[in-house]
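In the order they appear, the protein sequences are chains A and B.
Residues in the first sequence are numbered consecutively from 18, following our numbering.
Residues in the second sequence are numbered consecutively from -17, following our numbering.
If you're looking for bench data, these hints aren't it; they were derived computationally from the structure.
Source: prediction; values computed, not measured.
For glycine and all other residues, C-beta sits at the position ideal for the given N, C-alpha and C.
Any given hint could be a false lead.
Pair ranges (Cβ atoms, derived) [what the hints assert, rightly or not]:
{"no.": "1", "chain 1": "B", "residue 1": "Glu609", "chain 2": "A", "residue 2": "Thr56", "range": "50 to 60 Å"}
{"no.": "2", "chain 1": "A", "residue 1": "Pro175", "chain 2": "B", "residue 2": "Asp564", "range": "35 to 45 Å"}
{"no.": "3", "chain 1": "B", "residue 1": "Leu164", "chain 2": "A", "residue 2": "Trp183", "range": "34 to 44 Å"}
{"no.": "4", "chain 1": "B", "residue 1": "Gly589", "chain 2": "A", "residue 2": "Gly49", "range": "52 to 62 Å"}
{"no.": "5", "chain 1": "A", "residue 1": "Arg33", "chain 2": "B", "residue 2": "Trp48", "range": "28 to 38 Å"}
{"no.": "6", "chain 1": "A", "residue 1": "Thr56", "chain 2": "B", "residue 2": "Arg633", "range": "35 to 45 Å"}
{"no.": "7", "chain 1": "B", "residue 1": "Pro45", "chain 2": "A", "residue 2": "Glu295", "range": "50 to 60 Å"}
Residues from chain B that face chain A, not an exhaustive set, calculated with beta carbons under 10 Å [unchecked claim]:
{"no.": "8", "residue": "Ile155"}
{"no.": "9", "residue": "Tyr261"}
{"no.": "10", "residue": "Tyr264"}
{"no.": "11", "residue": "Gln306"}
{"no.": "12", "residue": "Leu555"}
List time: in silico BS3-like cross-link candidates among lysine-lysine, alpha-carbon distance up to 27 Å [unchecked claim]:
{"no.": "13", "chain 1": "A", "residue 1": "Lys46", "chain 2": "A", "residue 2": "Lys155"}
{"no.": "14", "chain 1": "B", "residue 1": "Lys643", "chain 2": "A", "residue 2": "Lys167"}
{"no.": "15", "chain 1": "A", "residue 1": "Lys132", "chain 2": "A", "residue 2": "Lys180"}
{"no.": "16", "chain 1": "A", "residue 1": "Lys125", "chain 2": "A", "residue 2": "Lys263"}
{"no.": "17", "chain 1": "A", "residue 1": "Lys125", "chain 2": "A", "residue 2": "Lys155"}
{"no.": "18", "chain 1": "A", "residue 1": "Lys155", "chain 2": "A", "residue 2": "Lys180"}
{"no.": "19", "chain 1": "B", "residue 1": "Lys(-15)", "chain 2": "A", "residue 2": "Lys122"}
{"no.": "20", "chain 1": "A", "residue 1": "Lys125", "chain 2": "A", "residue 2": "Lys180"}
{"no.": "21", "chain 1": "A", "residue 1": "Lys167", "chain 2": "B", "residue 2": "Lys(-15)"}
{"no.": "22", "chain 1": "B", "residue 1": "Lys289", "chain 2": "B", "residue 2": "Lys530"}
{"no.": "23", "chain 1": "B", "residue 1": "Lys349", "chain 2": "B", "residue 2": "Lys289"}
{"no.": "24", "chain 1": "A", "residue 1": "Lys155", "chain 2": "B", "residue 2": "Lys(-15)"}
{"no.": "25", "chain 1": "A", "residue 1": "Lys263", "chain 2": "A", "residue 2": "Lys180"}
{"no.": "26", "chain 1": "B", "residue 1": "Lys575", "chain 2": "B", "residue 2": "Lys530"}
{"no.": "27", "chain 1": "B", "residue 1": "Lys643", "chain 2": "B", "residue 2": "Lys576"}
{"no.": "28", "chain 1": "B", "residue 1": "Lys(-15)", "chain 2": "B", "residue 2": "Lys151"}
{"no.": "29", "chain 1": "A", "residue 1": "Lys132", "chain 2": "A", "residue 2": "Lys122"}
{"no.": "30", "chain 1": "A", "residue 1": "Lys125", "chain 2": "B", "residue 2": "Lys(-15)"}
{"no.": "31", "chain 1": "A", "residue 1": "Lys167", "chain 2": "B", "residue 2": "Lys530"}
{"no.": "32", "chain 1": "B", "residue 1": "Lys640", "chain 2": "B", "residue 2": "Lys576"}
{"no.": "33", "chain 1": "B", "residue 1": "Lys(-15)", "chain 2": "A", "residue 2": "Lys132"}
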Amino acid sequence: MKGPAETLCAISAGIRNALRERSNQWILKRQGIDDVSVTLHRRRTYILPTRAGAFFAVVVLMLLIGSLNYANNMGFALTFLLTGVGLVAMHHCHRNLAGLCISFKQAKPVFAGDKAQFEFIIDNTDALSRSQIGAGLKEATAVCGDIRAKNRAIFALPLVTSKRGWITCPRIELSTTYPLGLFRAWAPVHMDLQALVYPRPTNRLQTILSASSAQSLSGLSLIGEDEFSGLREYRSGDSLRNIAWKSAASRGILLVKEYKEGGQTPLWIDWSQLPYPETETRLCAMCRLVIDADAEQQVYGLRLPGVTVSPEKGHSHLHHCLRELAMFAPAKPSRS
Amino acid sequence: MDKLLPLHEPSAQDRRIRLLWLLIAVLFVSLPHLLQVNIWITLMLLGVGAWRYALEYRNWSMPSAWIKVPLVFAALAAVGFTYRSITGVEAGTGLLLVMLALKILETKTGRDLIVVSGICWFLMFAAFLREQQLWAIPYILFGISLSVAALIQVHRVSAVLPARQVIIKTAGIIIQALPIMLVLFFLFPRIPAPFWAMSTVGSSAQTGLSDQLNPGDISSLSRSDSVAFRVRFNGAIPPASERYWRGPVMTYFNGREWSWADRGEPILSVEELLVGGTYYEYELMLEPHGREWLLALESPVQWSQNKAYLSANLQLISQIPVRQRIAYTARSYQFVQKQAPDVERHIQAMRHLPSGSNPETLAFALKLRNESSSDSDYLNRILDMFRQQNFYYTLRPPRLGNNPVDQFLFASRRGFCEHYASAFATLARAANIPARVVTGYLGGELNPMNNDLIVRQSDAHAWTEVWIDGNWLRVDPTAAVAPQRIELGLDEALSASDFDFRRNMRNTQLFRQAILSLDAVNAAWNRWVLAFGPEMQQDLLRNAGFDKPDMRDLILLMAISISLLLAALAYYLRFGIRSKKDPLLQTYETFCKKLADSGVIRHRSEGPASFAARASRLRQTDRSHIESITQLYIGLRYESIGSIVPTAELRQLTKLVKAFKPTSD
């Protein structure tokens, strides 16, 4: 059972959220979608008192009433100096944020479940050093720091991913409560930013086991018959499949079969030869195979319904393949 | 390149530094209270501050609710027990200090620092309810600066700032806030009366005249050196013997004490008065005494205080007790006469004497009156008696019993002004002459620093008025015994046994000078700062050119001024801040300027290296200099780590550039 205090909290939080959504809608309508580089002009830097600021206002008001009642001139001096401090703090707070230029730098692709890092640059072209500039997605501040005069700062905002494909960066918010925490200036930035999310590779051992079982079941070879060139000592990261178990048993150390590159037959990582019924699981397994193949420096190709990436190797090829996996959209269930 | 870093918990050192700033602010703000409040509150605050710091320093865990909750109740109960209430200024101050201590103990993150700051500001206000001396200004400035500094430190998510930077930032905010404070101080609409009355601290302890006159009252007052009021004359200053400052007029005598009964008296309208003689105009700044009467030179006819009236006894009376220092201007005439139709009824009460008391005096009076030719003759004979028989003027008269006038006149014969005034008035009444006792002040010290007349409690005096030939006549019987008292003041009139030490001290030239200088400063402070209220605000506006200033004008003027100030602040923040010029670049620009003066001008697009190459070609003789300077510059500019330029190399470059003298065409 909820207590009345909790209910009240929930209601006020609900009202706050609703107000926040309304104001954000209004701001978005007012500002439109931003470019990848945007200067936070004064007119798009908003400011409101914080809870501490509201408390401050109440205290100043009470002091004013007290001073009036006792006609106490030093009380007036105290009250009005505090009023001045509050007003000055408001201007400092607004100025601390206004005029900064925020530019999108990059967002490297990640595997689903990892955090996508949207990287930005803030340029402070003014002779004024900026203190305690916070940045975050929506209203949650994730990073904070100072920016010296005529300097630039970098920051990255993490965004949790759950499924493959394009993930859209929500509203970015730069904010500051400098200097006294009485006001919060903020500037929402709506850039049209996306990061690519690769499927999450399945657990290594699982893939291998299921792959080998698939091999034995269907009789199809996943691995190209490469030209054997010799044996070398096992290094971590080597595929278990390449271990020369017989030689290893006789010599007492793990040995790995090496294959001549030139004569390497390309390895095809093929959608149709994986034994998973579900599309996503199948993509995840393919992702694992692609990563492993790349780690083994193999030449490999990718076959997806409707998409074929010809065999090759190297970094850009890896990302090409992963990209295809991330973007794959099964055309129609009847086809597969 | 700077970096915005993910939020993290503040380090132990950061937390400690923040707490230290907070504790310094709290300690400074509570300073004026620590010696005033009950000792246990002082000890509690200091103890809790030390405890809290130890917790942070040793990294111990904060006290649990099992300790805190009983502590809160115990402390609140203790405050209630100590002050017997939790309202009122003194109890309120104690309560605030206790709340402050408890809040410090609870403050974990510093997020609720704003609550601590709020309590601190209320404490500062409470200190001003007690007194508002000059120290209030540094107290406000430093107190608020410290809380601003603490707020800056606590609201930093990143590491705390070094002390120097915090001080610079705080000073910036305070300096920018000061003009706003001044504008609001002078232009915020002041209202005259309080909404609700609450006894302020020390009102009971204020020294001053009373509404009763007992033998011994004024002599005890004479021991106080505190200022009763200050006067600044507009034009001539009356001679010492004319400086009778009229206070409560005592008309009722019960045989032992005289008392003031002016409250129900009819209001005298100024039109009924006949005035004559010289007049004096002056501004009087009255220290609060908590009573209704206002002091004025005899006899006031015009005054600027709105809520004041002249009583039938020619006494200036305020409708509200003087709880704050007030200033008013007045004009007093040497001779004032009242023309009222009901005079006879009014003076009839001034003949009354209680039956049965002071029988010897009554008998003596009847005998003396029979021997006298007229009322005036009778009164002169009394004064002659004071003058010729051995009556003494002393601050330490013997105690008197139930018939004090009898005892004074026929036994002790030693007394202070109130004894003489009381005896004289009694004798007059005994002969059926209307008489009353006037209390007030006589004299005052002229401060050469600002020409203020300082009237102290020690100048308190009592004299009499008698009704002779249809007029009230002032008779000061003290003048008969101690004429120096009237001409020269109390210190000169007293015998050597009274206050030897005080006289010596006060007569030291240096000491006197210091006291007078300090008083001049205090008077200016009272006059220009503390006395600023609705009336002075109106004057200010009138001087600024408003014919009939009202609330709307004030608010408008205030709004415009504040807007202008804020616009100026915004402009300054936007365009006014210039970065310090890079010393390296400055040196290089000097070098370029020297070359330009010799005829080789650097193009905008030209880099240092290509410019040096071209300049070397054109100025073959200076080739080695140009090259070494440029090399050094490029090295410093592009190879130094970050923005820090090694000072030794920079100095070398500056030296080279200074010595560089290119040959010109």
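Quickly compare the C-alpha distance for Lys643(B) and Lys167(A) to 27 Å and report which way the hint goes.
-> Between Lys643(B) and Lys167(A) the Cα gap is close to 33 Å, so the pair fails against 27 Å, i.e. violated.
Quickly compare the C-alpha distance for Lys155(A) and Lys(-15)(B) to 27 Å and report which way the hint goes.
-> holds, 20 Å
Given the hint of 35 to 45 Å, check if Pro175(A) and Asp564(B) actually sit that far apart at their C-beta atoms.
-> holds, 36 Å
Under the criterion that the straight-line Cα-Cα distance not exceed 27 Å, is the pair Lys263(A), Lys180(A) satisfied?
-> Violated, at roughly 42 Å.
Satisfaction of hint between Lys(-15)(B) and Lys167(A), Cα-Cα up to 27 Å | Within the cut-off at roughly 14 Å; holds.
Does the Cβ distance between Arg33(A) and Trp48(B) fall inside 28 to 38 Å?
-> With a Cβ separation near 34 Å, Arg33(A) and Trp48(B) satisfy 28 to 38 Å, so the hint holds.
Given the proposed pairing of Lys125(A) with Lys180(A), does the C-alpha separation stay at or below 27 Å?
-> holds, 16 Å
Sort out whether Lys122(A) lies within 27 Å of Lys132(A), counting only the CA atoms.
-> This hinted pair holds, its Cα atoms lying about 17 Å apart.
Keeping to a limit of 27 Å between CA atoms, is the pair of Lys125(A) and Lys155(A) held or broken?
-> holds, 20 Å
Do the alpha carbons of Lys167(A) and Lys530(B) lie within 27 Å of each other, as the hint requires?
-> violated, 53 Å
Does the structure keep Lys640(B) and Lys576(B) at a Cα separation of 27 Å or less?
-> holds, 10 Å
Given hint Lys122(A) paired with Lys(-15)(B) - CA-CA distance at most 27 Å = Distance of about 14 Å is within 27 Å: holds.
In summary, the numbered hints that this structure violates are 1, 3, 4, 9, 10, 14, 16, 23, 25, 26, 31.
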